[in-house]
Amino acid sequence: MNKYILIDHTADIGIDVFGASLQELFVNAAFALFDIITDLSKTEDKIAYKISVSGIDREQLLVSWLSELLYLHDVKNLLFKDFCIEGITDNQLNATVWGEAFREDKHVIKTEIKAVTYHCLSIIQEDHHWKARVIFDI
Amino acid sequence: MTDDKYKIQKIDDYRWRIPREGKMHVEGIVYADEHMLKEIQKDESLQQVINVACLPGIIRHSLAMPDIHWGYGFPIGGVAAFDVDEGVVSPGGVGYDINCGVRLLRTGLHRIEIINKLESLVNTLFANIPSGVGSHRRDLKLSQQEEKNVLRDGARWAVSQGYGTKEDLEYIEEKGCIRGADPELVSDRALERGRTQLGTLGSGNHFVEVGYVSEIYDEEIARVLGLERDGITIVVHTGSRGLGYQVCDDFLKVMINASRKYNIELSDRQLCCAPVNSQEGKEYLAAMACAANYAFANRQVITHWVRESFGGALHISPKESQISLVYDVGHNIAKFEEHIVGGEKRRLCVHRKGATRAFPPHHPNIPDVYKSVGQPVLIPGDMGRCSYVLVGTEKAYTDTFGSTCHGAGRVMSRGQATRSTKGRNIAEELKAKGILVRADSRATLVEEVSEAYKDVTEVVGVVEHAGISKKIVQLKPMCVIKG
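Sequences listed follow chains A and B, in order. Note that full-length UniProt numbering has the first sequence beginning at 1, numbered continuously upward. Note that full-length UniProt numbering has the second sequence beginning at 1, numbered continuously upward.
It is worth saying that the hints were derived from the structure and are not from the lab. Keep in mind that the hints are not guaranteed to be accurate.
Unchecked claim - Just some of the chain B residues that point at chain A, by a computed CB distance under 8 Å:
no., residue
1, D97
2, A127
3, G132
4, R138
5, R193
6, S203
7, G204
8, S413
9, G434
Please read all numbers here as calculations on a predicted model, not as lab measurements. Glycine included, each C-beta is placed from N, C-alpha and C at the ideal position.
Kindly generate the complete structure, drawing on both the sequences and the hints.
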């Protein structure tokens, strides 16, 4: 099964993300974010970061998680490739993420993402199938 | 497909009404011609006009300009004014790129003087004005204190540091500094994102474009604006960068809680808001003003480097290039303004998201030299066609809270644009049309290809026919740098 698919949104870009668990859903959403930003085949796991975010519910937690990664990308010019979620509830997430710093001679930036929006945000669970929709502002 | 969801009635050839139904407090008014309306109805943007009409304290209408397209929460191309006592302020009604806007510069140069030097000019601009991930000028470093001065003083800070002249400030909306900015309300994260991004263009649809006046529709007003046929112009389109995105992000979280606290029902979380007069509302507006000031300073610093680039590439002095501001105005902002409602003067909080302020002649907030003609408005088109300079009108003041369109508006998603241009070399195609382009990323060029946008001429035609702006000149591009 696909980790995610792109959905067309006139001005912005959206994703439908899939996972067999809430954990996998969040991992795949993070993967999608950086897969849109860069060519991940050229990115290596050189630096690890510990991340801890919270939210009032699962949906906001997803936005907080992706926004945290985007913030690190913007401020420290980091590209992340691998994500390990060590603990997740509806309101709290702890993770370790791996990636490396952007280098002009090695990496490409396909799309600059400005922000993770709350627009059309949803997380749906049907048995072991989780699906989320997120729209990015670009 | 969308017809069954809402009614739409024709008012005249350029205006459409969405009647008040259900939870709408006011009706929706859409500025578009029939053909455009059909395009607009293909996505969810009119539903978004309706959603905005349901917010508390909205005054008169939920408005959509002809360049409307599907945004997040509020539509892009939307205008909504709220009562300061009963109404709300919403970060989603401003957008992430707070005070993203356009600055138009004129020069003393004629098209034939630069036509053979475009290559050098575009390369110099591209080298001097940072764009792309992590790039910034080493000669512009801000301490946190200095950054807070930027947030408080806006373009005035830039001028005090030698980026441009005091005269420049006269031709910026609010003279380049929105009052009420409180840097202490801006998070450390936002400050961190902003510290290295001042004087950078960013990517996507942001650009610096050198062009010339290709058509004049009103000689007298063009003269007042200092625009002559074949005169070289420069357009700077950028905003508040990561600092603005972070301010929006931070306050969306605040507003999601505030919407619950004040029992405001939301059809989309991105519409979250708080009463204008609440603590949350006031704090957002004070932080938003900081980001707006950062954007004014950003365009001011870039203007300085445009001036240096012209000098360096063309080997001419500032006296010869005579680069000066026509005007600088934002198109993602919420502002307190006075408007006449039901015959009474009222103070309103006007949200413009992808819409431009277009004040009429004799309005107190426009520069003295433009008093007789109205506020200049620059409407950039896509990189292959043209842009327009308009002025605001009395009708805009009475009908649209002094607002007009802001650009062409996308018709294709970025994915569609990429698919439809497969195998084409956009830079070469533009070069064949006499337009040189430098972009940090090749993806930007295909995503920003002409046909991904509505024809700006049609968009401008609607606002002119509807009487909310007057067309003065057309500009054609010669060279463009993009992020």
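Hint-by-hint comparison with the structure:
Here the hint on D97/B is kept, as its CB sits about 6 Å from the closest CB of chain A, short of 8 Å. Interface hint at A127/B: violated, since its Cβ lies 14 Å from the closest Cβ of chain A, which is beyond the 8 Å cut-off. Satisfaction of the interface hint for G132/B is found here, the shortest Cβ-Cβ separation to chain A being roughly 7 Å, below the 8 Å cut-off. About 15 Å separates the beta-carbon of R138/B from the nearest beta-carbon of chain A, more than 8 Å, and the hint is not met.
The interface hint given for R193/B is met, as the beta carbon of that residue sits about 6 Å from the closest beta carbon of chain A, less than 8 Å. Given the 8 Å rule on beta carbons, the hint for S203/B holds: about 4 Å separates it from the nearest Cβ of chain A. Below 8 Å, beta-carbon pairs count as interface contacts, and G204/B has one with chain A at about 6 Å; its hint therefore holds. With 8 Å as the threshold, the beta carbon of S413/B comes within range of chain A, its nearest partner Cβ sitting at about 4 Å, so the hint holds.
The beta carbon of G434/B comes no nearer than 28 Å to any beta carbon in chain A, farther than 8 Å, and the hint placing it at the interface is violated.
The structure does not agree with the numbered hints 2, 4 and 9 stated previously, though it agrees with the rest.
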